[in-house]
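If you read the sequences in order, they're chains A and B.
For what it's worth, the numbering used here labels the leading residue of the first sequence as 1038, then goes sequentially.
For what it's worth, the numbering used here labels the leading residue of the second sequence as 1038, then goes sequentially.
Note that these hints are calculated values from the structure, not bench results.
Because the structure is a prediction, the values reported are computed rather than measured.
Among these hints, one or two may not hold up.
What the hints assert, rightly or not - Lysine-lysine pairs mimicking PhoX-like chemistry, simulated, CA-CA at most 20 Å apart:
(1) A/K1057 - B/K1057
(2) A/K1320 - A/K1284
(3) A/K1340 - B/K1057
2 protein chains.
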Amino acid sequence: MNTFNIALIGCGTVGGGVVKILSEMNHTLNERAGRAVKISRIVELNPENAIKRFGIQKEAFCGGGKKLTVDEANSYISDILNDTGIDLVVETVGGTGDFVFNLCVNVCKSGKHLVSANKALLAERGKAIFNAAEENNVSVGFEAAVCGAIPIIKTIRESFTGDEIVSVSGILNGTSNYILSRMIDENLSFEQALTFAQEAGYAEADPTLDISGGDAAHKLIILMKLIFGIDVTMEELKYQGIQSISKTDMDYAREINARFKLICFARHDGDFIYGGVCPMMVKDENVLSGVNGATNAIRVINKYSGKHILIGAGAGSSETASSIVADILFIARYNDRMNRTLPNGKLKFKGLKDYTLPYVITFETEDRPGITGLVTTEIGRQNINIYTVTHNRHVSDKALFSIETQASTLKQINAAISEIKTKGILKCEPVVYPILY
Amino acid sequence: MNTFNIALIGCGTVGGGVVKILSEMNHTLNERAGRAVKISRIVELNPENAIKRFGIQKEAFCGGGKKLTVDEANSYISDILNDTGIDLVVETVGGTGDFVFNLCVNVCKSGKHLVSANKALLAERGKAIFNAAEENNVSVGFEAAVCGAIPIIKTIRESFTGDEIVSVSGILNGTSNYILSRMIDENLSFEQALTFAQEAGYAEADPTLDISGGDAAHKLIILMKLIFGIDVTMEELKYQGIQSISKTDMDYAREINARFKLICFARHDGDFIYGGVCPMMVKDENVLSGVNGATNAIRVINKYSGKHILIGAGAGSSETASSIVADILFIARYNDRMNRTLPNGKLKFKGLKDYTLPYVITFETEDRPGITGLVTTEIGRQNINIYTVTHNRHVSDKALFSIETQASTLKQINAAISEIKTKGILKCEPVVYPILY
């Protein structure tokens, strides 16, 4: 077959990694693709960094390695879109603005395949891009958009095809996981651990998107679209970050043999997909509790083949780039046989508050006889089964309570807490987290 | 496209599961394949069990559901091989005898694709089958042959294509892992745990293949062929089972914060692939140490994307069947674009004894001053760096030693032990296991 020609728009950390792998593995990649695979054009406003960091030849860049004005870049992009010799465009520009959105749509409209690692764009404005691809019979590769190196997208599309996915959950944000791991293992506060994460390069100067759960939410939205065919907006998906986890919360987790993780969770049940992002206390017997540092992990539960866990690097230049290269090869090999449609969305979305999960409720009370009976009676009145009650820490005149419930809804939990509050025995606002077994 | 017709030879636990999934998910599977996928023929000597267990219609079987003689079965198989309407044959006969070997080769020669879960056959006689497939331009699907439900084969072939695999290791035998998990968690002897495994259906009446490391070796041989293009025989691959792990060994593992696992290990280094199967002490910080019960896990280390771990069910009817169905769909979709060649074998094989690994050496000595110096001096003389020395257990007149070394070869370790033996201070034969971090 003829050469498979690629244009790369944006040559930063990830784009540069793609050029590097395609150059270093050129011979092997051509063999694997069954045809020559070649980067024919690179458009980058400031090629200097990429030239230095990845050793890319100046001549590889449109403009010969000089800085480009926005107009010049647009002109090169326009040439690429009009060039019928280009088969695929890799977008590593980033952001969710109109420029990159229009670029992606126009790539599809020009009859070229698109590969993108842009999770925010695909989560927030992906529907129009996927539709444009379907209408124009081209593929969108987005392996790198969900958990960097972990091949979850192809696993779902090509390996779990003889099965029905019931639920997907996991640790989809490396920054949060790094911060939580250090908080737990070194008994640090959130602020201390965040500072260390920033110093180690695992958190941005402005870490909001990562620590708020927003980045994890983007990935969960993409997975729900791919698996269940459902379009969920960031507004519909309730996501909660790790900022408000206190040292006391950490102590409670330790007490029930669990570790805090920022968990993305989606489950199919009847006509609904229940989903959300929030910190959960993950029990030690769950493998996810042992996934620490910046590592990501995804758990998929299938109807026939049961529980699967994939663990790997969620970010990084060559890690993310290797997923992009795998997408390029897959399209180069199988393009004309690929099913470009995502599943059809007949299912409806509901938040996790409507789904039954085991919870842990922690609070401080007066330290006097009769409190346990009073508290557990109120919980039982809401039809919540209690798994364990721990109140073995008594500090001066306070008793610290930690109650693990069996599966119940947040509504039931909140109703029980409201009733307990009326008794005037609480010394602090109760804290509630789901438990993941 | 026209219907994709399948013949199933053998309809036991796994074959029955394939019929069940194809029947229950028929509509979805056809959509995913982009064409109708249909089991047109089933050949089974004793269809009665499958009819009862999986609710398969009698009419689906060649012979209408009656018992078949071997001659009748052979005649039906011959019809299938001659039928140009059949696109793919699923072999779930099992065994490594000439009958099933010839069946697989003849399927390929007849121009039909082959899907098989038969790890023993592919490991011991696979070369001729893969060659026949390549010569006849048909595909061999063997996802189900390595770790049942875990999609490691497609992950290697389709997802890690933008990368170079450096090493593969893991827990590839569920029976051994189940036995070891119970030995560790309930302080059982090997014999006790084996009995429980047999009662729970996790071990066969004759468990030899599983507990000897033979079954794990089969899977490692297939992985080494797929990843590194190297043909290794069962004779060349040194494999060691779990039978000789004692309760004392278990205590030593606990002491260095590790758990025993039967580990398959292969690593590319220069012109060589170093590989083997043996029990290792897996450190608690390694996620594999938390993979317990009959669950399987595979760790792949890639040049660009780093460490990946896949965890899932290694056996079971519907679990294994789901992998077979995924193979069927993949071939139905992408058949005419598939690269049928396995990598070319220029690399040479060496056993793990030639590879440097950290080891733990345990033994009992006289309990008197000077022993530690004497022992560690001999180890140092072999250019082995010591990581830690533990000898905190003193029982009557014995001291129990446990020495963790840094990476060294088994040859160095054995040389040090020989020297130590000449000192006349040992009260037992030293026990040596590699450590996996």
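Going through the hints against the structure:
1. A/K1057 - B/K1057: violated, 46 Å
2. A/K1320 - A/K1284: Holds - the C-alpha atoms of A/K1284 and A/K1320 are around 18 Å apart, at most 20 Å.
3. A/K1340 - B/K1057: Given pair A/K1340, B/K1057 holds - Cα atoms ~13 Å apart, limit 20 Å.
The structure fails hint 1 only (numbered hints given earlier).
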